[in-house]
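We have chain A; now place chain B onto it with these hints.
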Amino acid sequence: MAEALVELRRVTVNFDGRPVVDHVDLRVQRGDIITIIGPNGAGKTTLIKAILGIQPISDGALTMAPGLTIGYVPQHLTLETTLPLSVKRFMLLSGRSLQECREALDTTGVAHLLDASVHHLSGGEKQRLLLARALARRPDLLVLDEPAQGVDINGQAALYDLIRSLRDELHCGVIMISHDLHLVMAATDKVICLNQHVCCSGYPADISHDPAFIETFGRPVAESLAVYHHRHNHSHDLHGDVVSGEEGAHSEDDDHRGCSHVHH
Amino acid sequence: MSIIDAILGDFFWRALIGGLGVALVAGPLGCFVVWRRMAYFGDTLAHSALLGIALSFLISVPINLGVIITCVVLAVALVLFSRSKTLATDTLLGILAHSALAIGLVTLSFMPDIRIDLTGLLFGDLLAMSRHDLIWIYGGAAVILGLLTMLWRGLLMSTIHEELARVEGVPVERLRLALMLMFSIVIAVAMKIVGVLLITALLIIPAATARRLAHNPEHMVGLAIVFGFVAVSGGLTLSWHLDTPAGPSVVVTAFSVFLLVYGSARQSQS
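Listed in order, the protein sequences are those of chains A and B.
Position 177 of the first sequence, counted from 1, bears residue number 177 in my numbering, the numbering being contiguous throughout.
Position 34 of the second sequence, counted from 1, bears residue number 298 in my numbering, the numbering being contiguous throughout.
Treat the hints as calculated values from the structure; they're not laboratory data.
Among the hints, erroneous ones may be present.
Claimed, not checked - Which chain B residues face chain A? A few, computed with CB under 10 Å, are given here:
#1 W299
#2 S394
#3 R417
#4 E432
#5 A472
#6 N480
#7 H483
#8 M484
To be verified - Listed next, the in silico SDA-like pairs over lysine to any residue satisfying Cα-Cα at most 25 Å (straight line):
#9 K88(A) x G155(A)
#10 K88(A) x T63(A)
#11 K88(A) x R137(A)
#12 K88(A) x L162(A)
#13 K88(A) x G433(B)
#14 K88(A) x G60(A)
#15 K88(A) x T423(B)
#16 K88(A) x A352(B)
#17 K88(A) x Q99(A)
#18 K88(A) x L439(B)
#19 K88(A) x R300(B)
#20 K88(A) x S497(B)
#21 K88(A) x P435(B)
#22 K88(A) x N480(B)
#23 K88(A) x R430(B)
#24 K88(A) x Q75(A)
Using N, Cα and C, we set each Cβ at its ideal position, and we do this for glycine too.
Next up, chain A with everything else stripped away, as it sits in the complex:
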């Protein structure tokens, strides 16, 4: 198995002596899509900032593969309106050629906005622009902080599909934060439920039955999520090739013995 892009061992981040991220272990490899979920104030953003190297860690060890290129998609693109900026100029500031920038914008479906002002973009367009910006750097690891925020439901599903296909194309690791549990459950390989510490982690279908998950999110949420998933009647390697992109029957029957991991 390939070596980890990023590996966290018992990483702790304290704010004023209070742990915001508490002894977290995490390993991201190429091809992984790992989603961090958790209630507000669970330390999700702090954790990914630690991974990005912009939040110093208080304790533990964080190792990164040498020469790792990270593509970061921040939560919002809050831009000072006093700074006039076109999509093209913003993309070129990545230091990549216009050709590469164009291709990246094309991949995320916003190439037609090349000459538009970034201040006039909608929420979804901004997210796609940020994704393109991260993409232009040909990242080994893609880190997204709530990529679907400010995007409508249809757009959200499309965005998660896009992230999956980017993972396949770039063969990069993906780590993201999400609030939308239903979409996460459908679009992700592995979920980490964070509440300062990792309260549970695993495949989406499994963790919705986890007592720790039920405790964190409440039984109604957990049950509504469980419905979205087939029960796993087979086991496989965490980093093995999981069946993906298979748009199987959208059965909501919990007992269905299917094997597809992708549902909408």
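Using the frame of chain A, we list chain B on its own:
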């Protein structure tokens, strides 16, 4: 040479040449003040210039150098203080801006042997520009323009999105320091023309005027320089003919251009 000599021999031309040199760097730096919401910060630094002058006399170093050093020290202290977050940044700036000004004035009053034109320092003086000052202005401008060219992409990127810049390996903190250094230089050299109380205006007003018409950051910088030129030449001419104080005249001109641009832009929009 004799023509150049004749021009530099005339105090009005000296002031104008010096003023244009200041506007040349006030344009790009003013844009950063506007983009990074540093207006109050700039004011605080400018107000500390008077303290810098007093200290220069005390330890007998060139005034410009004393001002630059004082501003840099204060800027670094401000950045460190604002990290602790015990006081809101605007409160902190308010305290330091006025305290620096007051301490400067008090210190100067303790030095009765030194004859100093306080009004000139506070509001600028058309007559005060010496050939020596011109060397400081154009030397400072060369340093600032050189730094800006070298650091442009990183400065712009860390202004647009600091975290994204950090992740992409931009040395955000070092660039912030470089920007502080540049502000300190521009304050030290602009002091003579517009005075410490009005330096921020020369930074902000042309940049804000340029924003109305600009489509990208570099375009805005170019326009800010042009509006700065207009403000300086218009203001100094006004000062020359009507015997008004130099700094306020420059600011009044800059403000008129601002009103004109925003007024006409609004009309053309509707």
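- Okay, which hints does this one fail, numbers in order? As far as the earlier hints go, 2, 10, 14, 16 and 20 are violated by this structure, in ascending order.
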